[in-house]
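S.K.: The lines below spell out each chain.
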Amino acid sequence: MNSGQGLQQSLLSSNDFELFNLPLTFNLNRQLLDERWKNLQRTAHPDNFSVQDTASQRIAMQYSVRINEAYLRLKLPLKRAAYLCELNGASIKAEENTRMPSEFLIQQMQWREQLEDADSFLEIGKLQQEVLAAKESAFARCEIFLDVDKHWTNAASEVRTLMFMERFEVDIDKRRDQLENA
Amino acid sequence: MALLQISEPGQAPDPHARRIGIGIDLGTTHSLVASVRSGIAECLPDADDRVILPSAVRYLPQGRREIGYQALSSQSSDPSNTIVSVKRFMGRAMKDIANAEEFPYQFLDTPGMLSLQTADGVKSPVEVSAEILATLRQRAEDTFADDIYGAVITVPAYFDDAQRQATKDAAKLAGLHVLRLINEPTAAALAYGLDNASEGIYAVYDLGGGTFDISVLRLSQGVFEVLSTGGDSALGGDDYDRALARYALDATGKKVLTDSDKSAVLVAARRCKEALSSENNVVFDALLSDGELRLNVSREVFEAQTQSLTQTTLSAVKKALRDAQITIEDIKGVVMVGGSTRMPMVQKAVGELLHCQPLNNLNPDEVVALGAALQANQLVGNNTDGNLLLLDVIPLSLGIETMGGLVERIVPRNQTIPTAMAQDFTTYQDGQTALALHIVQGERDLVKDCRSLAHFELRGIPPMAAGAARIRVTFTVDADGLLSVAAKEINSGVESQIEVKPSYGLSDEQITSMLQDSFHTAEIDKQARALAESRLEVDRMCLATNAALEKDAYLLAEAELENIKKLMKLALASKSLDDAIAIENATEALAKGTEAFAALRMNESIRQALSGKTIESL
Chain Y
1 MNSGQGLQQS
11 LLSSNDFELF
21 NLPLTFNLNR
31 QLLDERWKNL
41 QRTAHPDNFS
51 VQDTASQRIA
61 MQYSVRINEA
71 YLRLKLPLKR
81 AAYLCELNGA
91 SIKAEENTRM
101 PSEFLIQQMQ
111 WREQLEDADS
121 FLEIGKLQQE
131 VLAAKESAFA
141 RCEIFLDVDK
151 HWTNAASEVR
161 TLMFMERFEV
171 DIDKRRDQLE
181 NA
Chain W
1 MALLQISEPG
11 QAPDPHARRI
21 GIGIDLGTTH
31 SLVASVRSGI
41 AECLPDADDR
51 VILPSAVRYL
61 PQGRREIGYQ
71 ALSSQSSDPS
81 NTIVSVKRFM
91 GRAMKDIANA
101 EEFPYQFLDT
111 PGMLSLQTAD
121 GVKSPVEVSA
131 EILATLRQRA
141 EDTFADDIYG
151 AVITVPAYFD
161 DAQRQATKDA
171 AKLAGLHVLR
181 LINEPTAAAL
191 AYGLDNASEG
201 IYAVYDLGGG
211 TFDISVLRLS
221 QGVFEVLSTG
231 GDSALGGDDY
241 DRALARYALD
251 ATGKKVLTDS
261 DKSAVLVAAR
271 RCKEALSSEN
281 NVVFDALLSD
291 GELRLNVSRE
301 VFEAQTQSLT
311 QTTLSAVKKA
321 LRDAQITIED
331 IKGVVMVGGS
341 TRMPMVQKAV
351 GELLHCQPLN
361 NLNPDEVVAL
371 GAALQANQLV
381 GNNTDGNLLL
391 LDVIPLSLGI
401 ETMGGLVERI
411 VPRNQTIPTA
421 MAQDFTTYQD
431 GQTALALHIV
441 QGERDLVKDC
451 RSLAHFELRG
461 IPPMAAGAAR
471 IRVTFTVDAD
481 GLLSVAAKEI
491 NSGVESQIEV
501 KPSYGLSDEQ
511 ITSMLQDSFH
521 TAEIDKQARA
531 LAESRLEVDR
541 MCLATNAALE
551 KDAYLLAEAE
561 LENIKKLMKL
571 ALASKSLDDA
581 IAIENATEAL
591 AKGTEAFAAL
601 RMNESIRQAL
611 SGKTIESL
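Protein sequence lines correspond, in order, to chains Y and W.
Going by our numbering, the residue at position 176 of the first sequence is 176; the numbering climbs one at a time, nothing skipped.
Going by our numbering, the residue at position 156 of the second sequence is 156; the numbering climbs one at a time, nothing skipped.
Because the hints were derived from the structure by calculation, they are not lab data.
Just so you know, even glycine gets a beta-carbon here, dropped at the ideal spot from N, CA and C.
Careful: at least some of the hints might be erroneous.
FRET-style restraints, in silico, Cβ to Cβ [what the hints assert, rightly or not]:
(1) Y:L105 / W:N491: 32 to 38 Å
(2) Y:E169 / W:L60: 56 to 62 Å
(3) W:Q117 / Y:Q178: 38 to 44 Å
Here are the simulated lysine to any residue pairs, SDA-like style, with alpha carbons at most 20 Å apart [to be verified]:
(4) W:K319 / W:K332
(5) W:K319 / Y:N181
(6) Y:K75 / W:I326
(7) W:K319 / Y:Q178
(8) W:K551 / Y:Q57
(9) W:K318 / Y:I124
If the Cβ cut is set under 8 Å, some of the chain Y residues that face chain W in the computed set are [to be verified]:
(10) L11
(11) N21
(12) R36
(13) K38
(14) N39
(15) Q41
(16) D47
(17) V51
(18) Q52
(19) A55
(20) S56
(21) I59
(22) Y63
(23) S64
(24) V65
(25) E180
Can you build the whole structure from these sequences, using the hints too?
M.R.: Okay, here's the thing in structure tokens:
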């Protein structure tokens, strides 16, 4: 083997899908992903190198960190979708692209009001279900844009609305915490 | 099961010889050391056949000290010099101790971490803990009549960076090579899961003397994956004692007047609490300077007095389930750890909440040390055919302070470690050449509600218009759960980085000086020790590098192989020098020079790991 190119071929510089030896699609076999993750960590985790030389320990740390980073991005559907958009040149840039379809903005405002008024776990639960359903259909659209139509900018715009929804879910959790501690 | 190799006493250790790894549970009330012998993890007893070492250190004048049971026997007569529950003070400042007046100690509000005034001078909690650790190290060395290669030390999962760093410092001070810090509930799961060949999702409820942890883990084929963790690093059996003591004082109108009283009433409360685990009525009995305190306490009364404490733990359990994104039905079992789970009401409350019978077939006092021993055995390489893997998480979010005293989260809690996460920031003034970073840990939005870990500065940024600089701040959390932070201005490449330890941790110099103070090491010994250690490190490195070459030299081009051989020769030659720094430099050159080789080897083993799996899953 010509090792002069060894470092260029390093798995550290391959993309998340390549690192996990998975197809570049939004649709993903979660079980296979988890299995690969554990396999990769079994190989690269610093725990395997605690009696080895310093260089091996450093490399193990780098790889183990990189594997966890990729796993997290592949595991979470929204991050995976965003990553696929970026890989295909459709930037998400959520902070610059704040324009949303107006019906979605109205929906957002209604949800926020509902959350503020919610003062029982039942109401919060209901709202959470509603957001979950909206997310599921957005993900379904996203999957078609990414895996079938290969329409990256449409997918990116879907990703941006999903980011709003996930942020809202955090607020729902916060409200629940408040109620619990009240 | 592999047979244990026994070598002749005094025989030179060969590189493949069995190394001794120990697991230490450094607990609030008591500590244990365990090791794997003949394939079985067991706690090591002292000369009197007791495995438990009470976490108590009594300081006497002229550097004399008593540790463990001996110290404990003087707790009532010499309370201010007999330090118990020191774990509560690790990595903590004076302002963090809510009920300082209830402790019989003379606290000193020293910067970063508080310290204690004793008959033998000022002691930091790190030094007190080091005494306990050194006692356990000694016990292990006596047991094996050999040196210990390294130790796995357990910490509460909910310990923050300052508390973890303090624990690691204490271990260093006690002369231990720390293989890894692991979380107590994870250690318990390891001992429990391996014993019972369990698979599925389990909760570990760990209520110790001074800390409470809840961890949710998925166990599958030797992988222990922590899904979430939560808890309270200042809630434990001690608090049940204090609540009971307060109740007894209120009910009888007796007063605590002296340090001895403080200690006596807490000791009596603890005795009463423990008895109430098996009896329904117990007499609370303490001799105070205000007269004898006698009170009949029923289990119902005790439970009512401490109910809010148990309730606090249950809220944390619910939160951990939510963080793990699972429901109660997903939980296959709950493992009970820590002496405080002996209280029947705790067992009952946890069983009811999680709809399952709590698992407690392993001794709750020993299970953490046993798990740590199993992990130590794996880390030192004795368990070569084992396929144990711990994937733990960081318990508390890490972030930095931004404008207006707000926290910008960089690493959210429950991330699998090791991990590195980065965020870009910019300057807010024209021509700004430095950026001050304040690193904090915690879940709250305001900096003042989080724990401050460190301050550091990135200097030398070329003057630019406000908002033009791109400063990437990277947080790296290693497998011990310890943080280091690096900042880099992208356009100019100006960099700065620190291990996060200044405000609470100890610098290497402080550790060295403590080593000198507490163990009376002369300067010359210190140098001799550094020299011996650096030479040992050369041997260790060369052995490991040779082993790697033996296996994978084929990955290297001739010139690269020659270079590594040359660096090894230089490192070995440096051993004849009387200069630890020069030897360390040669070792570092070897380490740097073999990194590319290590990366090649890693790529190769990953390819093999993945290709093997692909065939299987096809």
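S.K.: Please go over all the hints and tell whether each is borne out by the structure.
M.R.: Now the hints, each set against the structure:
Distance hint check: the CB atoms of L105 (chain Y) and N491 (chain W) are about 36 Å apart, consistent with the given range 32 to 38 Å. Taken as a hint, the range 56 to 62 Å holds for the pair E169 (chain Y) and L60 (chain W), whose Cβ atoms sit roughly 59 Å apart. Checked against the given bound of 38 to 44 Å, the beta carbons of Q117 (chain W) and Q178 (chain Y), roughly 43 Å apart, stay inside it. Proximity of K319 (chain W) to K332 (chain W) is assessed by CA-CA distance (about 18 Å); at most 20 Å being required, the pair is judged to hold.
Distance hint between K319 (chain W) and N181 (chain Y) is fulfilled; the C-alpha atoms sit about 12 Å from each other, no more than 20 Å. Between K75 (chain Y) and I326 (chain W) the alpha-carbon distance is near 16 Å, which keeps this suggested pair within the 20 Å criterion. Between the alpha carbons of K319 (chain W) and Q178 (chain Y) the distance comes to roughly 12 Å, so the proposed pair stays at or under 20 Å and holds. Distance hint between K551 (chain W) and Q57 (chain Y) is fulfilled; the C-alpha atoms sit about 17 Å from each other, no more than 20 Å.
Restraint check: the Cα-Cα separation between K318 (chain W) and I124 (chain Y) comes to about 16 Å, which is no more than 20 Å; the hinted pair holds. The restraint placing L11 (chain Y) at the interface with chain W holds, with a minimum CB-CB distance near 5 Å, inside the 8 Å limit. Taken as an interface hint, N21 (chain Y) checks out: its beta carbon lies about 5 Å from the nearest beta carbon of chain W, inside 8 Å. At a threshold of 8 Å, the smallest CB-CB gap from R36 (chain Y) to chain W is about 7 Å, leaving the interface hint in force.
Taking 8 Å as the C-beta cut-off, the interface hint given for K38 (chain Y) holds, the closest approach to chain W being about 5 Å. Because the closest C-beta pair between N39 (chain Y) and chain W is about 5 Å apart, less than 8 Å, the hint holds. Annotation: Q41 (chain Y) was flagged as interfacial toward chain W, and the flag holds, the nearest CB pair being 6 Å apart, inside 8 Å. Of the supplied interface hints, the one on D47 (chain Y) holds, with its beta-carbon coming within about 6 Å of a beta-carbon of chain W, less than 8 Å.
Checking V51 (chain Y) against chain W by beta carbon gives a least distance of about 5 Å; that is within 8 Å, so the hint holds. With 8 Å as the threshold, the beta carbon of Q52 (chain Y) comes within range of chain W, its nearest partner Cβ sitting at about 5 Å, so the hint holds. A cut of 8 Å between beta carbons decides the hint on A55 (chain Y): the least distance to chain W is about 4 Å, and the hint holds. Here the hint on S56 (chain Y) is kept, as its CB sits about 4 Å from the closest CB of chain W, short of 8 Å.
For I59 (chain Y), the suggested interface contact is upheld, since its CB lies about 4 Å from the closest CB of chain W, less than 8 Å. The restraint placing Y63 (chain Y) at the interface with chain W holds, with a minimum CB-CB distance near 5 Å, inside the 8 Å limit. Taking 8 Å as the C-beta contact cut-off toward chain W, the hint placing S64 (chain Y) at the interface holds, the least distance being around 5 Å. Here the hint on V65 (chain Y) is kept, as its CB sits about 5 Å from the closest CB of chain W, short of 8 Å.
Of the supplied interface hints, the one on E180 (chain Y) holds, with its beta-carbon coming within about 7 Å of a beta-carbon of chain W, less than 8 Å.
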